[in-house]
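Top to bottom, those sequences are chains A and B.
Going by our numbering, the first residue of the first sequence is number 66, and it counts up by one from there.
Going by our numbering, the first residue of the second sequence is number 7, and it counts up by one from there.
Source of the hints: derived by calculation from the structure; they are not laboratory data.
Computed from a predicted model, the values in this text were never measured in an experiment.
Each residue gets a CB set at the ideal place from its N, CA and C atoms; glycine is no exception.
A hint or two may mislead.
[Claimed, not checked] Now the in silico label distances, taken between C-beta atoms and shown as ranges: (1) A/Asp104 / B/Ala478: 47 to 55 Å; (2) A/Ser233 / B/Glu109: 24 to 32 Å; (3) B/Ile370 / A/Ser233: 36 to 44 Å; (4) B/Lys495 / A/Met200: 44 to 52 Å; (5) A/Ala148 / B/Arg461: 35 to 43 Å; (6) A/Ala148 / B/Arg39: 53 to 61 Å.
Single-letter residue listing:
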Amino acid sequence: MLNALLVMLGLAVVLGAVLGFASLKFKVEGNPLVEKVNDILPQIQCGQCGFPGCKPYAEAIGAGNTPINLCAPGGEPTMLRLADLLGIEPQPLAADAALPKPKQVALIDEQTCIGCTLCFQACPVDAIVGAAKQMHTIIASECTGCELCLPPCPVDCITMEKVDEGMSGWKWKYPLYPISDARNDLEETV
Amino acid sequence: MRALHPFHGGVHPAEHKSESTQLGIAVAPLPARLVIPLRQHSGSPAKPLVDVGDQVLKGQKIGAAEGYISSSVHAPSSGRVAAIEMRPAPHPSGLPDLSIVLETDGEERWVERQNMDYRAVDFAGLRQHMQDMGVVGLGGAVFPSHVKLNASGLETLVINAAECEPYITCDDMLMRERAAEVVQGIMIAQHAMGAREVLIGIEDNKPQAIAAMQAACQGTGFEVVAVPTLYPSGSAKQLIKLLTGKEVPSGGLPTQIGVQCFNVATAYTIHRVVNHGEPVISRLVTLTGNMAEPRNYEVLIGTPVGELVKLAGPKADTTGYLMGGPMMGLPLADLSVPVVKATNCIIATSKALFPPLPRAMPCIRCTRCAEACPADLQPQELFWFSKAKNFDKAQEYNLFDCIECGCCSYVCPSHIPLVQFYRFAKCEISAQEKERKAAELARERHEFRELRLEREKLEKAAKHAAKAAQVAAKPAEEGGDDAAAAARKAAIQAAIERAKAKKAAVAPQNVDDLPPEAQAKIDEIDARRAQARETAEQSVAVQKNVEGQGAQK
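Modelling step: build the complete structure from the supplied sequences, incorporating the hints.
So this is what it looks like as structure tokens:
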């Protein structure tokens, strides 16, 4: 009787210690779902979803009760991937939702720029360089094309330019070819 | 006789090689205009070094390599740069590309050529020379050769002279007529990579080339190996497997297994570059197919295809032209495109030679494609996944090991354009990968910005706190405060004094030491002024009085 009790007690202590150690050692920081959602979002950081960036939107989705169809740059593919990840029904994009735009980057007209610094305070990815009363310019390779720099500019010197990658950006199209109607072809050959 | 290690699959289409080997290599005439695209190699396009209107010499560098995976471009003849503009280029997209248009002067004046003692220079210098002279793989992939030469202690150097595609005979003719020069080029490549063994793989349908190469290789230790005629034995990975029995790992490079592979025409250009100082400005092109006089021509890079094909006399029923072979070639939509370093063959097509394929039918999963696939893949599965845009699954089935040789489409009883699906899927996957990388970068930068803003906020708060503490600490030392105020007052007073003194010092200078009559005049004016002022003041006073009285009333 006593032996049995001691054995059980011993087991409880050992297993408890193992579990306690594991909970410390393999502790997961934050919600792992948020990271997965964030990986799917396009990281344009445009804020069109109503959240100040992709991560906050991912956090809101992770917390639940937030529609997954708010990402305008990602469009339908992003929504479908989110639905797939979360195991929920796809939510069609609103009829008046902004369509995904072709890849674009901002361009500052350096003749007009007055060096007010407002645009680079708005840039979510620090893709604008400049200083007060100095001309500003965009680092095109870092620009996500989010358009957040357009509204603050007091002299409207920023325009969005479509990126034309020419031959380097060219892709083979999905092959489309006529397939045969077996019956008709047979008649032709007969 | 060396034991061969056959690769899986392969097909044997009608060869059509004898037509274009009846006549020796001829030199194509100099065209009036050459169009030299700056992107003739894989990697980044070259950067133009000349301006419109410049006179250039034959062999002068006109485009400089931009980055490591890039190559230079040279003027194929002497003349004047007529334009640097977007011109149609031989590319499946049909998009124009930046090209240098050269008006030739017919004088063929060479730039100063300097041969090089390759044994005396270091390997890095030799590779740099290759890049400067525009040496790229002439088998079709046009990968910059200096990158491939960057390997040492190689087990085997494979020289690819299989020329497995039907119709093409430029390598065959090169070996028949210029075997000795090819062998010299191979020596340089062997020296640069320290290869212990050199194997030259030639398909057994080229007996004359094999004989010529064997004769030229006497005493060099190079081994000429006749391989069975089976498409695609001229694909690098397949030829390496065939000759050495070693397989290049999936997604890996031949150097990982101690092998490197060069095309025989590349070896020839290496010889011209090193031993003659001539950059890559011409190449052999087979003109064949539906032509009156199929033949191989030595053609300057930049020669418009439309002009070139006239030499062989395309027959009246020609329906179009293919650049490259019938298996992997590119149909040309525009005949103004130039011959580039990748152009090994131009085939005139006709309904008799290339009957239109019957319409495609659904896949019946007969797996004939899998039997034919030289890369040992499952083309029917890849087709299925690519068609459904299930790219993850396609990659799982090693889509990127596909060499796009076209064996699967060739044997498909349903005539499905399988390779088009693989190309589509590869492009989509690469584009997605690029997008993912861009998103990753944007995320990193956004997160860093958040961190920076947070840090700046903290720094600002710390600064304010420090200032507040300083202000709070000041009243404690009161005596000091009074003294400071006194000192400040004194300083202000001193400044006022200084200003006054300065004002006094700056008296009007031009009225000092005047002659008496001028002084009298000034006095008179001053008196008149004083009088005028007095009168004015009086009248103002009177007016004020009147107003005042009016107001009182």
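How the hints compare with the structure:
1. A/Asp104 / B/Ala478: 47 to 55 Å: holds, 50 Å
2. A/Ser233 / B/Glu109: 24 to 32 Å: Holds: the Cβ-Cβ distance is about 29 Å, inside 24 to 32 Å.
3. B/Ile370 / A/Ser233: 36 to 44 Å: holds, 38 Å
4. B/Lys495 / A/Met200: 44 to 52 Å: This hint holds: roughly 46 Å between Cβ atoms.
5. A/Ala148 / B/Arg461: 35 to 43 Å: holds, 37 Å
6. A/Ala148 / B/Arg39: 53 to 61 Å: Roughly 57 Å apart at Cβ, these two residues keep to the hinted range, so it holds.
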